[in-house]
Structure formats: C-alpha cells, structure tokens
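Starting from the structure of chain Y, add chain C where the hints point.
Number of protein chains: 2
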Amino acid sequence: MPHSSEFERLRVVLVAPRNPLNIGAAARAMSNFGFLQLRVVNPYEAAFREARSAVGASAVLARTEIYKTVNDAVTDCALVVGTTTARQRELEAPLLQVKDGARKIRGRLRSGGVALLFGSEKRGLSNLDLSHCHWLMRIPTREDHPSMNLGQAVAVCLYEVARETRPVAPKERVRLARSGEVERLTRLLFEALSASGYVNPPSAAIKEERLRQLVRRLRLSATDAPVWLGMLRQILWKLHAASGSPDTQQ
Amino acid sequence: MPHSSEFERLRVVLVAPRNPLNIGAAARAMSNFGFLQLRVVNPYEAAFREARSAVGASAVLARTEIYKTVNDAVTDCALVVGTTTARQRELEAPLLQVKDGARKIRGRLRSGGVALLFGSEKRGLSNLDLSHCHWLMRIPTREDHPSMNLGQAVAVCLYEVARETRPVAPKERVRLARSGEVERLTRLLFEALSASGYVNPPSAAIKEERLRQLVRRLRLSATDAPVWLGMLRQILWKLHAASGSPDTQQ
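Those protein sequence lines, which keep their order, are chains Y and C. FYI, in my numbering the residues of the first sequence are 1 to 250. FYI, in my numbering the residues of the second sequence are 251 to 500.
No lab work stands behind these hints, which were simulated from the structure alone. Among the hints, a few may not be true.
Derived DSS-like pairs: lysine-lysine, alpha-carbon spacing no greater than 27 Å straight-line [unchecked claim]:
hint : chain 1 : residue 1 : chain 2 : residue 2
1    : Y       : K207      : Y       : K68
2    : Y       : K99       : C       : K349
3    : C       : K349      : Y       : K104
4    : C       : K457      : C       : K372
5    : Y       : K99       : C       : K354
A partial selection of chain Y residues facing chain C, derived with a Cβ cut-off under 7 Å [to be verified]:
hint : residue
6    : A25
7    : R28
8    : A29
9    : N32
10   : M148
11   : A155
12   : E191
13   : A192
14   : Y198
15   : L218
16   : R219
17   : A222
18   : Q234
19   : K238
Output of the computed footprint for chain Y on chain C, the stretches with three or more beta carbons under 8 Å from beta carbons of chain Y [claimed, not checked]:
hint : stretch
20   : 276 to 287
21   : 438 to 447
22   : 473 to 484
Don't be surprised by glycine CBs; every beta carbon is placed ideally from N, CA and C.
With the rest of the complex left out, here is chain Y (with noise of 0.2 Å):
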C-alpha cells in the first residue's frame, strides 16, 4: 500500500470505548487499511485486555497506547477531528461529510500529525472532546437510524482516508501548529480572561470549551504560536503583578 509513512501519521483515538469487541474491530479495520496507530482513551479496563487477543488486528493492539485524557492524546497531533452523528448537540465546531473531510486529513497527513477521535458506543463525543477538535466529520446516514456501529464507523472512515491515496496536488502549506501549544495559548487566555474579570468562573461569561474551540478557528501557524505564547504571558505577568497576585513568575 503506497503512502505508508503518512498513513503512520493518522493517530485514530478511541475515546472511553466501552466493548471489547469494539476495540478489537477497530484495529483490524486499521490494520486492513494500513493505519498503524492506535490510542485509547480511558478505556474500561477489562474492555482493553480482553480486546488485547482479538483475531487479525495484533499488530496494532500491541503497539496501542493508552492516555488518561484527550489532551493527553492529541498533544502531538496538528490535526485534531472529531467524528458526530451531529443530531443532539449545538455543534460549534464545522462540520463536514466524511468524504470531503478524509480528503482534508489524506492533505494534512503529508506534513503533520492528524489525530481522528471517536466516541464512546453510548454517548459518542462529549462536549469536552469535541472542543480539543479543529472540526467534526459524519458519516452521510440515514435519519430515522443515524448511529453507526463504532468498528464500523472505524471502517467507513479509514476506508474513505485510504480511498484515494493518488497524489492530488499539493494546497496547503501553512505548517500549523500542534494541539500541545494551542491548548497551552487557551489555558494562558483563560487565565488572563480571568485574572481580569472576564470569566468568572460560577457563572462564566464564556467557558473554557467555548474558548478551546475560539482558540482553535484561528488556525495558528507553528510559526506564529511561540509569539503569541511570549504575548500572553506578558500580559498575565501583568495582570497578576497588578493585582499583587503571587504568581508572577512565568
């Protein structure tokens, strides 16, 4: 299969999943499909080990790594999508049909880290999850049964991401930076926001998944984010010197 080296690029996280059989049907349909690179977030224990010896997917279970949080998980990644049935919640983040999201990721793949994220089977993503993600994918289903099996769901995705692996011509070279730093820039505005009364946090005028998800439409350059980064502290340094706080240090 061509493109190997930027198929080991797609991170694909499982997000508290629940059924081992699950789990197992995800790896293989990455195995399948020449995705390599599994992570699992918060799973239920036994779920894990028991998916551990599923059939025809060893290779990736092997090699799976397990993080406490989706932060954890997607700190490395330039990418970050998220994958909804899109019906229950007021989505803030775009939305895109899987089609022309794969086609996105198989772009970005070529220069950087792409972490695709999938619910739990019950719940899928939670509002939480969904901040960290630049923007959601769906699958086009039917209305009066939209939910897809995850293994399946897996499949679909990776299917698509695979589907045309022909080169197409090079668009976007802005190498964007990696979700680590734009979650350090969010946690730094939040601070600065409430340092100066703008959160507050019984009833906050915005809330930190709000903010994660602003933060994340402007699209930083790896380039640019150092700089806003040095900005923001300084303006904290400030705001904190100001009010006599004793966290000055940055």
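Same frame as chain Y, now just chain C:
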C-alpha cells in the same frame, strides 16, 4: 433519504454466515445507509436466531428472507455482484474496485434488482457462489492483511453505494472578519502589549506592523471577531485599572 425506492432494489445476500454478531452488524449497517432487503443463504440456524435480537437493526432483521441456495436468493435480480479479497482463486469474472463497482450498482438500481453477495467469515464465497456473479468487487486493503471483518466489509460497500446520492456538502464558507474589525483588534492588542511592557515605544520588541501581520494570519471569522474584541477590551480595562491609568473607560 433520497432514492429510497431504488435502495429497496438492492438485496444484500449473506452466504452461510456463522456469527450472529456479523449478521446483526450487517443488518445494522444496512439500516444506517437505507438498504432494508437482507437475504441470508443457508445460515447456521442458531446464529440467525440469535442475530434476530441484535440491537439497532430489528426492522431489517424482521423482514429478512432465508434461502437454501444462492441461486434461489438471486433469482429475481438482473445483476449479481460478488465480493472478494481476490487472493486465492483464479477468478474468471471481471474484478472491480469497490468505488467503480458501486457506481455501476447505483446505475443498475435505477432499473432493476441487484444482489450483492458476501461469503462466510472463514472462506468467503465459493467458486459455485462466484459462478452466479456477473462481476466481482473488492475493497482495496493492505496486502499483509487483506481480509476484512464481514460486518465492516458490508458497511464499507453500502457506504460506497450510497456515497454519491446525497447533495454534496456545501463548501466551508466561513465569512472572514472585515479589515476594519481586524485592525481594531490589532490596535487593542498593541495597547495591551504596551500596557504590559511587551512593547516599548523606543525599542519595540515587536513592531506594530509585525503585529498587524500576525493578527491577519489568524483568519479571524466575522462571527468570532466581536468575541475577541470583547475579551481584549476587558483585559485592557483591567491592565489600565490596575496601573491607575486614567483611560479606563471602554
């Protein structure tokens, strides 16, 4: 969902399936993508009984028809398509990639019944089964691990048949913020950086022009711009208030 009457003409035919979970998964994927006609040839009886109770596919399973032979199951279909990993056998029938085959199937559904055959989990379709097929279709998988799970293979094939029936997703049309607003943001930020000591008029750590470029590269949307302006105003107010500057009115 559009074309549902055409989708009714597709018969998904599982030949000698062994695992009730796979029968249930196939039925669920069918329901997700709007194909409701499942036929099962010579299943393990216990497996089929168990599958009937599968979650999320009861409507499909309730009307599933059982046949003794492939011949009986495809007799009312004008086109019969087999699925295969195309490894072991010498195939006489033409072999198409699933995306090309799916397009053909869509075309034929406009005028008549089409049967899409999937073999058993262990052995796939037999040569006898294949002899009923006009042509064959395969999902492109990795050479080292070509064989897909049955439920996932059904999901990918049906996804591909349904793939082009929907109106194309509208392209991302984020309306960007106007220059005036971006400039206002730039000024506020510059002011905040001055108040924080990040910018020093004589030996500016960052010149205003560079800051302007930095802000413009963010691709700020028209919807988000006022939120950013609001946040910056608040931070600036706090910076001024703390330093006892007279300019605390916004």
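Q: Return the numbers of the hints above that this structure violates; sort them in rising order.
A: 4, 12 and 17
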